[in-house]
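K.L.:
Here are the chains, one letter per residue:
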Amino acid sequence: MERVRGQAYVNKDPKALERILDDAFVNIDSNGKLQTKADVLAEVRTSTALHFSTESMAVHLHGNTAIVTGIFLIKGVAGGKPYVQRERFVDTWLFKDGQWISIAGLVTRIGQ
Amino acid sequence: MRTIGWLLILVCATSPPGWAQGPADSDATTAIRALEHEWVEAQSHNDNGALDLIFDNALVYIEYGRLVSKGDYLLRVRSAKPQLQQIVMEPLTVRTFGDTVIVIGSYRETSVKDGKPLLMRWRFVDTWVYDQGRWMLVAAGAAPLLK
Chain U
1 MERVRGQAYV
11 NKDPKALERI
21 LDDAFVNIDS
31 NGKLQTKADV
41 LAEVRTSTAL
51 HFSTESMAVH
61 LHGNTAIVTG
71 IFLIKGVAGG
81 KPYVQRERFV
91 DTWLFKDGQW
101 ISIAGLVTRI
111 GQ
Chain L
113 MRTIGWLLIL
123 VCATSPPGWA
133 QGPADSDATT
143 AIRALEHEWV
153 EAQSHNDNGA
163 LDLIFDNALV
173 YIEYGRLVSK
183 GDYLLRVRSA
193 KPQLQQIVME
203 PLTVRTFGDT
213 VIVIGSYRET
223 SVKDGKPLLM
233 RWRFVDTWVY
243 DQGRWMLVAA
253 GAAPLLK
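Each protein sequence line maps, in turn, to chains U and L.
Heads up, the first sequence is in my numbering, so the first residue is 1 and it goes up one at a time.
Heads up, the second sequence is in my numbering, so the first residue is 113 and it goes up one at a time.
Any given hint might turn out to be false.
[Said to hold, decoys possible] So the derived list for chain L, only partly shown, Cβ under 8 Å to chain U, looks like this:
| id | residue |
| --- | --- |
| 1 | 179 |
| 2 | 183 |
| 3 | 235 |
| 4 | 239 |
[To be verified] Here are some chain U residues pointing at chain L (derived, C-beta under 7 Å):
| id | residue |
| --- | --- |
| 5 | 50 |
| 6 | 53 |
| 7 | 57 |
| 8 | 60 |
| 9 | 85 |
| 10 | 88 |
| 11 | 108 |
No wet-lab data here; the hints were simulated from the structure.
Every residue, glycine too, gets a C-beta built ideally from N, C-alpha and C.
Based on the provided sequences and hints, a complete structural model is requested.
P.N.:
What follows is the structure, encoded as structure tokens:
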């Protein structure tokens, strides 16, 4: 599911994310900005990411709640300039109505 | 770390408009607000015993791009030296999903670096899970709010 999220940015495919983010989903990005589900979907539509991968991913289960931590690497081109983002994340997933959906996330820049 | 060496802690207990709670969630919301306050209080007094009770053993905490375990966190609290630091909590938002609760909030941190006051604003998200009759903090993280 985490890879689906990342790949949605590469493919500029908000529909892939729409079904795995709860309507009440909130994310805090590495600039401390609070994002709603609508904000994230809008960001995906205008994504400049070309490559996405994850590392050091770990899952902790607490009943019907899962905490996922890891590092993601995004490479892309913005304004004609290539960029690389390496950030650590923590996401909260909930098993709801027979499927896992993400209800919250936070990203911090490594070395920030 | 959110609360080491707090000199002054002000907690605003109101929610922003548009984040209202349903009556069925009010007990959980009240409990979680109290626990968030307890976390702040316990840490301000380097009270690892109290933190141990509200932190799940599998707690993961993320800050500055680093992953911090419960053991690491408690060790840092235990070894923290008093600092001249002021933390002002801003309004919290509590969202309930049955036995899981998400808390979103921000705080302003004033500290002294190289003899000069340094002001930072952070935004955080905490995840609490109701397990064996009590709420436990299972995940938390904070990111600096950049202008």
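K.L.:
Do the numbers back the hint for residue 183 (chain L), that is, is its least Cβ distance to chain U under 8 Å?
P.N.:
violated, 15 Å
K.L.:
The hint names residue 88 (chain U) as touching chain L; please verify it with the least Cβ-Cβ distance against 7 Å.
P.N.:
holds, 5 Å
K.L.:
Are residue 85 (chain U) and chain L close enough, Cβ to Cβ, to be under 7 Å, as the hint says?
P.N.:
Where the cut-off is 7 Å and the nearest Cβ of chain L is about 11 Å from residue 85 (chain U), the hint is violated.
K.L.:
Hold the hint about residue 57 (chain U) up to the distance rule: shortest CB distance to chain L must be less than 7 Å.
P.N.:
Violated: closest Cβ of chain L sits about 11 Å from residue 57 (chain U), beyond 7 Å.
K.L.:
Classify the hint on residue 50 (chain U) as holds or violated, based on whether any CB of chain L lies nearer than 7 Å to its CB.
P.N.:
The hint is violated - residue 50 (chain U) has no Cβ within 7 Å of chain L, the shortest such distance being about 22 Å.
K.L.:
Is the interface hint for residue 239 (chain L) satisfied, with its Cβ closer than 8 Å to some Cβ of chain U?
P.N.:
holds, 5 Å
K.L.:
The hint names residue 108 (chain U) as touching chain L; please verify it with the least Cβ-Cβ distance against 7 Å.
P.N.:
It holds, given that the least Cβ distance between residue 108 (chain U) and chain L is near 5 Å, below 7 Å.
K.L.:
Hint residue 60 (chain U) vs chain L: min CB-CB distance below 7 Å?
P.N.:
Interface hint status for residue 60 (chain U): holds (5 Å vs cutoff 7 Å).
K.L.:
Can residue 179 (chain L) be said to touch chain U, with a Cβ gap under 8 Å?
P.N.:
holds, 6 Å
K.L.:
Minimum Cβ distance from residue 235 (chain L) to chain U below 8 Å?
P.N.:
holds, 4 Å
K.L.:
Does the CB of residue 53 (chain U) sit less than 7 Å away from some CB of chain L?
P.N.:
Status violated, d = 17 Å.
In terms of the numbered hints stated before, the structure departs from hints 2, 5, 6, 7, 9, listed from lowest to highest.
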